[in-house]
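**Q** Last residue of the sequence shown? That's 142 in the UniProt record's numbering, and every number before it is there in order.
Hints in this document: simulated from the structure, not taken from any laboratory.
Owing to the predicted nature of the structure, the values given are computational and were not obtained by experimental measurement.
Be careful, since some hints might not be right.
What the hints assert, rightly or not - Taking lysine to any residue and the SDA-like style, the derived pairs with C-alpha atoms no more than 20 Å apart in a straight line are: (1) Lys27 / Val91; (2) Lys31 / Phe18; (3) Lys31 / Ser43.
What the hints assert, rightly or not - DEER-style ranges, computed between Cβ atoms: (4) Leu17 / Trp62: 21 to 27 Å; (5) Leu33 / Trp61: 26 to 32 Å; (6) Ser79 / Gly107: 18 to 24 Å; (7) Thr54 / Trp22: 36 to 42 Å; (8) His55 / Ala111: 27 to 33 Å; (9) Val65 / Met25: 16 to 22 Å; (10) Arg83 / Leu108: 36 to 42 Å.
Beta carbons: idealized from backbone N, C-alpha and C, even for Gly.
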Amino acid sequence: MTLAALFAFIWGAMIGLFMAVWHFMGKTSGKALGIAHGLFTVSGVVLLLVGLLTHEANTGWWLLVAFLVTAAGGAYLFSRQIRGEPWPGFVIIAHGGLAIASIVLLGLFLAGDEPPVLEDPDGDVPAASTENQPVPVDSLTQ
């Protein structure tokens, strides 16, 4: 489910980027794109929540919070669009920036990318990781 959430967020982000570019060019993107953007991103939030509740991903609750904060900014922009009011540019940038950061963090989370450990548990000497290291040819013949 969390991988499906990532794809839903990516599609929502692509539509959102299109809408932001049009806004800064002085054009309107229309309500249909706003609704499509919202549907993809709300689907992403629901899929992420299901993935977390089914323990598919146990430690990603902070990502859900980040996407919910992003959604609050999107809801504010959508409410202004429905009322026919202009969008504040700084809210668009903040909404998009937080959304992109959250998507990147979700992708890293799903990839299992963790910061490297530079010291062993005793703190003495930097630990050498043998994970994903090529095996020397000489050791295969012995």
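**Q** Taking the hints in turn, state whether each one holds.
**A** Right, here's what the structure says about each hint:
no. : hint                       : verdict
1   : Lys27 / Val91              : 17 Å, holds
2   : Lys31 / Phe18              : 13 Å, holds
3   : Lys31 / Ser43              : 18 Å, holds
4   : Leu17 / Trp62: 21 to 27 Å  : 24 Å, holds
5   : Leu33 / Trp61: 26 to 32 Å  : 30 Å, holds
6   : Ser79 / Gly107: 18 to 24 Å : 29 Å, violated
7   : Thr54 / Trp22: 36 to 42 Å  : 38 Å, holds
8   : His55 / Ala111: 27 to 33 Å : 19 Å, violated
9   : Val65 / Met25: 16 to 22 Å  : 33 Å, violated
10  : Arg83 / Leu108: 36 to 42 Å : 37 Å, holds
Violated hints, listed in ascending order, are 6, 8 and 9; each of the other numbered hints is respected by the structure.
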